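Undergrad: With the hints as constraints, model all of the structure from the sequences given.
Keeping their order, the protein sequence lines are chains P and Y. Going by the numbering used here, the residue at position 110 of the first sequence is 98; the numbering climbs one at a time, nothing skipped. Take the position in the second sequence, starting the count at 1, then add 3; the result is the number in the numbering used here.
To be clear, the hints were calculated from the coordinates, so they are not data collected in a lab. Treat the hints with care, since some could be wrong.
[Claimed, not checked] Partial selection, computed: residues in chain P whose CB lies under 7 Å from chain Y:
#  : residue
1  : N1
2  : N5
3  : V34
4  : G35
5  : A36
6  : R105
7  : P107
8  : W111
9  : C120
10 : G125
11 : T131
12 : V135
13 : K176
14 : Q178
15 : T179
Just so we're clear, the structure is a prediction, and the values are computed from it rather than from any experiment. Where is the CB? At the ideal position from N, CA and C, for every residue including glycine.
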Amino acid sequence: MIVIIDYGLGNLNSVLNALNLLGIEAEISRDIEKIKKADKLILPGVGAFEEGMKNLKAFGLIEILNHEVLVKKKPILGICLGMQLFCNKSYEDGEFEGLKWIDAEVVKFDLKDKSLRIPHVGWNDIECDLDCALFAGGDKTQTFYFVHSYYLAPKNKEIAKGICNYEIDFCAVLEKENIFATQFHPEKSQTEGLEILKKFNQIGVEK
Amino acid sequence: MLKKRLIPCLFLKNGHLVRSEKFSYHQLLGDPIHQVDRINSWSADELIYVDISNEDFYDLRRDDMKNKRVENIYEILSEVSKTCFIPLTFGGNIRTIDQIRELVKRGADKILINTIALENPSFITEGAEKFGSQCIVVGIDVKKNEKGAYEVYSNHGKKSTGKDPIEWAKEAEKFGAGEIFLNSIDRDGTAEGYDLELIKSVSEAVHIPVIACGGVGIFEHFAEGIMEGKASAVAAGNIFNYTENSVIRAKKTLQKEGIPIRKIVKKKL
Chain P
-11 MIVIIDYGLG NLNSVLNALN LLGIEAEISR DIEKIKKADK LILPGVGAFE EGMKNLKAFG
49 LIEILNHEVL VKKKPILGIC LGMQLFCNKS YEDGEFEGLK WIDAEVVKFD LKDKSLRIPH
109 VGWNDIECDL DCALFAGGDK TQTFYFVHSY YLAPKNKEIA KGICNYEIDF CAVLEKENIF
169 ATQFHPEKSQ TEGLEILKKF NQIGVEK
Chain Y
4 MLKKRLIPCL FLKNGHLVRS EKFSYHQLLG DPIHQVDRIN SWSADELIYV DISNEDFYDL
64 RRDDMKNKRV ENIYEILSEV SKTCFIPLTF GGNIRTIDQI RELVKRGADK ILINTIALEN
124 PSFITEGAEK FGSQCIVVGI DVKKNEKGAY EVYSNHGKKS TGKDPIEWAK EAEKFGAGEI
184 FLNSIDRDGT AEGYDLELIK SVSEAVHIPV IACGGVGIFE HFAEGIMEGK ASAVAAGNIF
244 NYTENSVIRA KKTLQKEGIP IRKIVKKKL
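TA: And the structure:
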């Protein structure tokens, strides 16, 4: 069972619908008992960083997430804002602290080519590290749907498993032990995206 | 490389899909849910869903067609998002932050606002602060007025605002809009092609993506919108409803012109 964390933000149902289509058992919840019992967690996201952290705090989710992810090493997938919330801090409309699981900062695109629009919205190619569990057996170059103005700058480049280019190279997929995240929306990236969710579900499962 | 996007628009009136012409004539097309399913499996890059109902009444009234009876717009969206695994923008009759929250929760990725943004531009900011600016798409409906100048209209093209589209687009960006959905009332449903002059002038005035809409009659019009209009994305309604395999054929046309697009998906979901 995958629990999609309900923190009052984000496209929760899109993620649930995608998992349902794949026949993966999943539920949207912020119930601590359910989060404890889940095999895996997904932190989706459409929204602003400050509001995201504020809601995680307000719903009393930070402690349980820290325990499940950092101590129990439960696999978690962060999507878009969810990925950014894993980081130390974000500079989205100010300076806000994140969950601090990933040693990275979230910064705004500052591009030289002014004809490039911000947000970075649309389908873009990723150079995939096929060793990453989320890409196992897939193509080297895959196309996913992005919509974001801020991106992840990890201190340790090793954790970046998918690189996207928008004038600059940025981290589109990360893997650190049991922590996985995508800056793009797998639930909105049609077949290639659904494949990512399928692979996440297979992590830790005997084949 | 970031791809140019091809976006079918579905217009919904009182629970039915309709074909729109000059914002005033609406021809019934049928069930709003199965059309989405079809487009989703056709390699469209996104979908824009606009509710143009002017009363709070939604009913498919098609029990005979084995369609589920859908009571309101939220339920329609919930049904749509069960089959739509591409980005979904939802707009029409949006007045409150709570409405946005509910729509996002039910599967909308972006929210298209129009009249409320003109009445109260700080609503754009409020929406962007709550949901991120990428979530807030400001729709701009444009018509040439008696003086022959471009003018922004509100209330689904009914009310003149005296605003210049370029100035309003810049203002909307400043207030926090993530994208502009630019529609030409004069070209709507005419199949004469985009108003390229309008699209180019707005695209060049803002730094956020501009989605062009209104007037596509042949696939080559999409290419014009990107190459001459400088739009980040090209949208249309009628051509997708009336033409067989329209998304695939449109993409092939764009590909031939050397425009970077997402490849056609062969694998079925």
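Undergrad: So, for every hint listed, does it hold in this structure?
TA: Right, here's what the structure says about each hint:
1. Among the interface hints, the one on N1(P) holds; its C-beta lies about 5 Å from the nearest C-beta in chain Y, closer than the 7 Å criterion.
2. The interface hint given for N5(P) is met, as the beta carbon of that residue sits about 5 Å from the closest beta carbon of chain Y, less than 7 Å.
3. Given the 7 Å rule on beta carbons, the hint for V34(P) holds: about 6 Å separates it from the nearest Cβ of chain Y.
4. With a least beta-carbon distance of about 5 Å to chain Y, the hint placing G35(P) at the interface is held under the 7 Å criterion.
5. Given hint, A36(P) at the interface with chain Y, holds; its Cβ is 5 Å from that chain's nearest Cβ, closer than 7 Å.
6. At its closest, the beta carbon of R105(P) sits 4 Å from a beta carbon of chain Y; the interface hint therefore holds under the 7 Å criterion.
7. Checking P107(P) against chain Y by beta carbon gives a least distance of about 4 Å; that is within 7 Å, so the hint holds.
8. Interface hint status for W111(P): upheld, as the beta-carbon distance to the closest one in chain Y is roughly 4 Å, under 7 Å.
9. For the restraint placing C120(P) at the interface with chain Y, the shortest Cβ-Cβ distance is roughly 21 Å, beyond the 7 Å limit, so the hint is violated.
10. A cut of 7 Å between beta carbons decides the hint on G125(P): the least distance to chain Y is about 14 Å, and the hint is violated.
11. At about 5 Å, the closest approach between the beta carbon of T131(P) and any beta carbon in chain Y falls short of 7 Å, and the interface hint on this residue holds.
12. Checking V135(P) against chain Y by beta carbon gives a least distance of about 4 Å; that is within 7 Å, so the hint holds.
13. Evaluation of the K176(P) hint against chain Y yields a held restraint, the C-beta minimum of about 5 Å falling below 7 Å.
14. This hint holds: Q178(P) has a C-beta 5 Å from the nearest C-beta of chain Y, less than the 7 Å allowed.
15. Satisfaction of the interface hint for T179(P) is found here, the shortest Cβ-Cβ separation to chain Y being roughly 5 Å, below the 7 Å cut-off.
Comparing the model with each numbered hint stated earlier shows that hints 9 and 10 do not hold.
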